[in-house]
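Protein chains: 2
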Amino acid sequence: MSAYFTEQNSANVVNERMAPDANPRLQHVMGALVSHLHAFIKEVQLRPEEWESAIRFLTETGKMCNEERQEFILLSDCLGLSMLVDAIHHRRPTGATENTVFGPFFVAGAPEKNMGDCISLDKKGELCLYEGQVKELNGQPIANARIHAWSDNDEGFYDVQQPEAQPKWNNRGVFTTGADGRYQFLGIKPVSYPIPDDGPVGKLLQQLGRHPYRPAHMHFMVEAPGYEKVITHTFVKGDSYLESDTVFGVKQSLIVEFEEIEHEQATWRSAFDFVLV
Amino acid sequence: MSAYFTEQNSANVVNERMAPDANPRLQHVMGALVSHLHAFIKEVQLRPEEWESAIRFLTETGKMCNEERQEFILLSDCLGLSMLVDAIHHRRPTGATENTVFGPFFVAGAPEKNMGDCISLDKKGELCLYEGQVKELNGQPIANARIHAWSDNDEGFYDVQQPEAQPKWNNRGVFTTGADGRYQFLGIKPVSYPIPDDGPVGKLLQQLGRHPYRPAHMHFMVEAPGYEKVITHTFVKGDSYLESDTVFGVKQSLIVEFEEIEHEQATWRSAFDFVLV
Numbered sequence: 010m011s012a013y014f015t016e017q018n019s020a021n022v023v024n025e026r027m028a029p030d031a032n033p034r035l036q037h038v039m040g041a042l043v044s045h046l047h048a049f050i051k052e053v054q055l056r057p058e059e060w061e062s063a064i065r066f067l068t069e070t071g072k073m074c075n076e077e078r079q080e081f082i083l084l085s086d087c088l089g090l091s092m093l094v095d096a097i098h099h100r101r102p103t104g105a106t107e108n109t110v111f112g113p114f115f116v117a118g119a120p121e122k123n124m125g126d127c128i129s130l131d132k133k134g135e136l137c138l139y140e141g142q143v144k145e146l147n148g149q150p151i152a153n154a155r156i157h158a159w160s161d162n163d164e165g166f167y168d169v170q171q172p173e174a175q176p177k178w179n180n181r182g183v184f185t186t187g188a189d190g191r192y193q194f195l196g197i198k199p200v201s202y203p204i205p206d207d208g209p210v211g212k213l214l215q216q217l218g219r220h221p222y223r224p225a226h227m228h229f230m231v232e233a234p235g236y237e238k239v240i241t242h243t244f245v246k247g248d249s250y251l252e253s254d255t256v257f258g259v260k261q262s263l264i265v266e267f268e269e270i271e272h273e274q275a276t277w278r279s280a281f282d283f284v285l286v
Numbered sequence: 010m011s012a013y014f015t016e017q018n019s020a021n022v023v024n025e026r027m028a029p030d031a032n033p034r035l036q037h038v039m040g041a042l043v044s045h046l047h048a049f050i051k052e053v054q055l056r057p058e059e060w061e062s063a064i065r066f067l068t069e070t071g072k073m074c075n076e077e078r079q080e081f082i083l084l085s086d087c088l089g090l091s092m093l094v095d096a097i098h099h100r101r102p103t104g105a106t107e108n109t110v111f112g113p114f115f116v117a118g119a120p121e122k123n124m125g126d127c128i129s130l131d132k133k134g135e136l137c138l139y140e141g142q143v144k145e146l147n148g149q150p151i152a153n154a155r156i157h158a159w160s161d162n163d164e165g166f167y168d169v170q171q172p173e174a175q176p177k178w179n180n181r182g183v184f185t186t187g188a189d190g191r192y193q194f195l196g197i198k199p200v201s202y203p204i205p206d207d208g209p210v211g212k213l214l215q216q217l218g219r220h221p222y223r224p225a226h227m228h229f230m231v232e233a234p235g236y237e238k239v240i241t242h243t244f245v246k247g248d249s250y251l252e253s254d255t256v257f258g259v260k261q262s263l264i265v266e267f268e269e270i271e272h273e274q275a276t277w278r279s280a281f282d283f284v285l286v
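Protein chains in written order, with our numbering: chain A, 10 to 286; chain B, 10 to 286.
Source of the hints: derived by calculation from the structure; they are not laboratory data.
Careful: at least some of the hints might be erroneous.
Computed cross-link-like contacts, SDA-like style, restricted to lysine to any residue with a CA-CA straight-line distance of at most 20 Å [as the list claims (entries may be wrong)]:
no.: 1; chain 1: B; residue 1: LYS72; chain 2: A; residue 2: GLN79
no.: 2; chain 1: A; residue 1: LYS238; chain 2: B; residue 2: GLU58
no.: 3; chain 1: A; residue 1: LYS72; chain 2: B; residue 2: SER62
no.: 4; chain 1: A; residue 1: LYS238; chain 2: A; residue 2: GLU145
no.: 5; chain 1: A; residue 1: LYS72; chain 2: B; residue 2: GLU16
no.: 6; chain 1: A; residue 1: LYS51; chain 2: B; residue 2: HIS98
no.: 7; chain 1: A; residue 1: LYS144; chain 2: A; residue 2: GLY112
no.: 8; chain 1: A; residue 1: LYS238; chain 2: A; residue 2: GLN79
no.: 9; chain 1: B; residue 1: LYS132; chain 2: B; residue 2: GLU58
no.: 10; chain 1: A; residue 1: LYS260; chain 2: B; residue 2: GLU16
Note that the structure is predicted; figures quoted are calculated from it, not measured.
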């Protein structure tokens, strides 16, 4: 064992300090983290003034966090780390509905609705008829599936971001399927919006020449007894940010055609089936 | 170009988002950081609940930072990242005095002293005669070298940590060499002490089965016109934390014999030459 730190043996010296009886999983995770961070510093020959910038950046990111704002999650999202953890833990067979990021705007306890109801309470924006089926990989419909749906309003804000300007539970609802597994409801055609970009993460995106936008999407969480829960969005086909979602949430299979229809209330229709494992 | 994120191409998709006209050094550093973080997550198959713990840990670390406390620097120190950046940027030929971490307790403006003066103002602790020479690699003495020295008190605290209990500038002084390059002063034989361990970093050390102690050391910063500045410590040979300094600051060449002597004031003597490049 080499007790003293040198540039060559740096990560080993740090990792050998962990006590043999420390939690094995913690040792594995921290050991790999230390090895990769040391390899990163060596690869770029990180300069003292860059190290100081990193300390300042992390400190400012911490200071930005409060009950309504989680700047470290934004950072993780914008570096693709959140999507990677999600991808690793939700590998599914071809044909099953893919996951994407949960996002910070889900609120538990949204009102239970009947099929055909409208989740837009202020009726602002263009209405869309969302419909489809919850089913198994073999096509069998799934009864008693609970579908949570939520979206921004026509200005790109969720109700919780505008508690004064929007009615509570605007653009949120929970639907339960019957024997045929089918669902149908009205909501607005969502619009693209920027993530909060007035903090350190927004500044970083700017320095990297990246925009802060997410393409328009409707959030879904679908759960049924005996099936793996799906947390996903459907994205509006044709949105100009589909290929540059700032949090990397888009998957090909989640892009959905929004077609213009003639309907007493809706001007759009979006069909999507949820396939559960 | 693959626009959509997948587990396989994750880091590439993130890095391809950087604008071609973004600062090239920033692109290089962020590209490498993203690649290593993605490789880390894949290597350990980081679990969603572990990702949540990491977000909480970073947030708490940020909340702990204030004007007197920099918890992210402590984190960097305890993972060996600070020493690695220092090592990379202070490679010196054999025989030259090695650098080590600066530490958070240096204060600019300490009193100028004459050779032979004592920097311990409260005379607590065991006095030691520090002496030696500032010289070039070829042995030539360096005149007009400024030697900044600072240490903790006999209870392990720097004056700035105890503004009420210690006189201002206790255990701090600046000395300027004459033509012979020699220096001599009195200070206490320093003692080992724990880094502040009542925050998230202290908790992490505990979970890893690591103690928070630094071996006893006297801080030095030596500068002379035309030479590279040296920021270093001398460590007390025989200290029980030499092989487990929690910030990895110890280098073999910086461990110094403290020998017992008979002297009107001092009971110890520590000889060390500073060799500048």
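- Within a Cα-Cα threshold of 20 Å, do LYS238/A and GLN79/A meet the stated pairing? violated, 24 Å
- Has the given pair, LYS51/A with HIS98/B, been kept, meaning a C-alpha gap of at most 20 Å? Within the cut-off at roughly 11 Å; holds.
- Item | Hinted pair LYS132/B and GLU58/B, Cα distance within 20 Å | violated, 53 Å
- Message: Need the status of pair LYS72/B, GLN79/A: alpha-carbon distance at most 20 Å?
- Response: At roughly 12 Å apart (the allowed maximum being 20 Å), GLN79/A and LYS72/B satisfy the hint.
- Are LYS72/A and GLU16/B close enough, with their CA atoms no more than 20 Å apart? Violated - the C-alpha atoms of GLU16/B and LYS72/A are around 31 Å apart, more than 20 Å.
- Is LYS260/A close enough to GLU16/B, meaning Cα to Cα at most 20 Å? holds, 11 Å
- Task: Please work out if LYS238/A and GLU145/A have their alpha carbons no farther apart than 20 Å.
- Result: Distance of about 12 Å is within 20 Å: holds.
- Regarding the pair LYS238/A and GLU58/B, is the alpha-carbon distance no greater than 20 Å? Holds - the C-alpha atoms of GLU58/B and LYS238/A are around 16 Å apart, at most 20 Å.
- Task: Compare the distance between the alpha carbons of LYS72/A and SER62/B with 20 Å, and conclude whether the hinted pair is satisfied.
- Result: holds, 18 Å
- Task: Please work out if LYS144/A and GLY112/A have their alpha carbons no farther apart than 20 Å.
- Result: violated, 25 Å
Against the hints set out earlier in the document, violations occur for numbers 5, 7, 8, 9.
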